[in-house]
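Novice: Read off the chains here:
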Amino acid sequence: MSSKPIVEARGIHKHFGAVHVLKGVDLRVAERELVFIIGPSGSGKSTLLRCLNRLEAPSSGSVVVDGIDMLDPKTDINHARQRIGMVFQSFNLYPHMTALGNVTLALRKVAGKSRTEAEAIGRAALDRVGLADRAEHTPGQLSGGQQQRVAIARAIALEPRVMLFDEPTSALDPELVGSVLEVMRSLRESGMTMVVVSHEMGFARAAADRVVFMDHGQIVEQGAPAEIFEAPKEERTRAFIGQIQRH
Amino acid sequence: MIETFLNPAIIAAAWPILLAGLWNTILLSLVVVPLGLAGGTVLALLAGVRHPLVRWPLMAWVDFFRAFPPLVLLIFLYAGLPFAGIELGGFGCVAIAFFLNTGAYYGEILRAGIESVPAGQSEAARSTGLSRLQTELYIVLPQAVRNVLPDLMSNTLEVVKLTSLGSVVAMPELLFQARQAQSLTYNPTPIVLAAIVYFLLLWPLVRLLSRLENRSLATRG
Ligand SMILES: Nc1ncnc2c1ncn2[C@@H]1O[C@H](COP(=O)(O)OP(=O)(O)O)[C@@H](O)[C@H]1O
Ligand SMILES: [Mg+2]
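Heads up: the sequence lines are chains Z and H, in that order.
When we follow numbering that gives the first Met the number 0, the leftmost residue of the first sequence carries the number 0, and every step to the right adds one.
When we follow numbering that gives the first Met the number 0, the leftmost residue of the second sequence carries the number 0, and every step to the right adds one.
Worth flagging that the hints you see were computed from the coordinates, not collected in a lab.
Note that this is a predicted model, so its numbers are computed, not measured.
Built from N, CA and C at the ideal position, the CB exists for glycine as well.
Do not take every clue at face value.
Stated by the list, open to error - Short, incomplete list of chain Z residues facing chain H, as computed with Cβ under 7 Å:
#1 Thr97
#2 Lys108
#3 His136
#4 Phe228
Claimed, not checked - Computed far set for chain H versus chain Z, every beta-carbon distance over 12 Å:
#5 Glu107
#6 Pro149
#7 Leu201
For reference, chain Z alone in the conformation it holds in the complex (with noise of 0.2 Å):
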């Protein structure tokens, strides 16, 4: 962890009226670092990840993502944003276009592509999920694993420094889980720096470097995947492990 960081949160707070979700989280990941987040529902791993990005604005605390002050008003969040990929459980896909429509949409309007080129990219970005032929495709005709990897392309095509996945399989059938753990592992090896929110523990072993535990708004403990699933530290991370691998 001797490389600069790409991300770097650092006492984070976040309260939604009365509540108090995050309590002060720090968070840095390197460049080409795959994080692992796990925790219970509930314990605040979405809302650390759309604080990241702003989706969420943090109550206090500061988050730099490649150099950029994302709290700072004075930053343009629009193109920061293309910096920071993020695919959410339950895909959301923009339902009135096309795979490719809804890859090319912010190349075009963000990134300032003419249409031909933010095809070109698109269909490659399609294509590195394995859907080059579903480009003509609206997300009703997709299977839930395939609208997934669409989303995918669509965050990847504006080539981002990071990528943030919540829970990007918990809402699929089982059947349907493999195909996209097959693409965030070649993104992985693509040197994708990625922070994960899942509950794929095989997935967790195989590619993460790292496996954060949080619990009630907190980081309870993090280390390496064999250390936090083999011999955690901690009783609460102890527990959480325990329940989730009786599943």
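Given chain Z, work out where chain H with the ligands should sit, using these hints.
Specialist: Relative to chain Z, chain H with the ligands alone:
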């Protein structure tokens, strides 16, 4: 009976007058419907702004113009404003009254449509760097319109019918022309004819609407 209500000679005489009126009704609709839609879109987009300085005035505006009878509004603009030295003319008054009245209705329909689009849609769009406005334009509004299309069409039907209010301020639309023809011929035939023309003009829209409504019921069920 026929002699009174559908007198052939009077039909022949009144027809060109009514035709001019029909044409004006269509033109008027082509102006007030987009105007109302544009006003409604702005109102619906503003409804997404949570700031109290936008929220409360917006709510007051929409409530006021939905509660205010459009005929009263129109007469006020036409007959009241000249006392303040503002002469807008028949067409200007109709355009403004419709913008205010139907804009408020279209606005409420579109707002409901916007609220029916899942928040995840905007979040995905914003995460790729689209601005708030781009997100509304390219992602939210197209889905919102699709979700409330029957309501939008039904309101449009009302708006076209309401253009007959223009007759009150001497806009030479269909009803006004029919009244003219009636007073020239001392016979109700032109009014009956106008009713038939209104029906023929709007019936295809009504048919289309009920097909849309059946379809959306079917997809919901
Ligand atoms: N927009 C919001 N408004 C109010 N409370 C929220 C909001 N988003 C999340 N929360 C609350 O914050 C807590 C953490 O949520 P979340 O970050 O989604 O947890 P996780 O992803 O770990 O399941 C939960 O108690 C949730 O109810
Ligand atoms: Mg979550």
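Novice: Run every hint past the structure and note whether it holds.
Specialist: Against the structure, the hints:
1. Thr97: Violated, because the Cβ-Cβ distance from Z:Thr97 to chain H comes to roughly 13 Å (cut-off 7 Å).
2. Lys108: 5 Å, holds
3. His136: 18 Å, violated
4. Phe228: 30 Å, violated
5. Glu107: 22 Å, holds
6. Pro149: Given a closest Cβ separation of 17 Å, the condition holds.
7. Leu201: 29 Å, holds
When the structure is compared with the earlier hints, violations turn up for hints 1, 3 and 4 and for no others.
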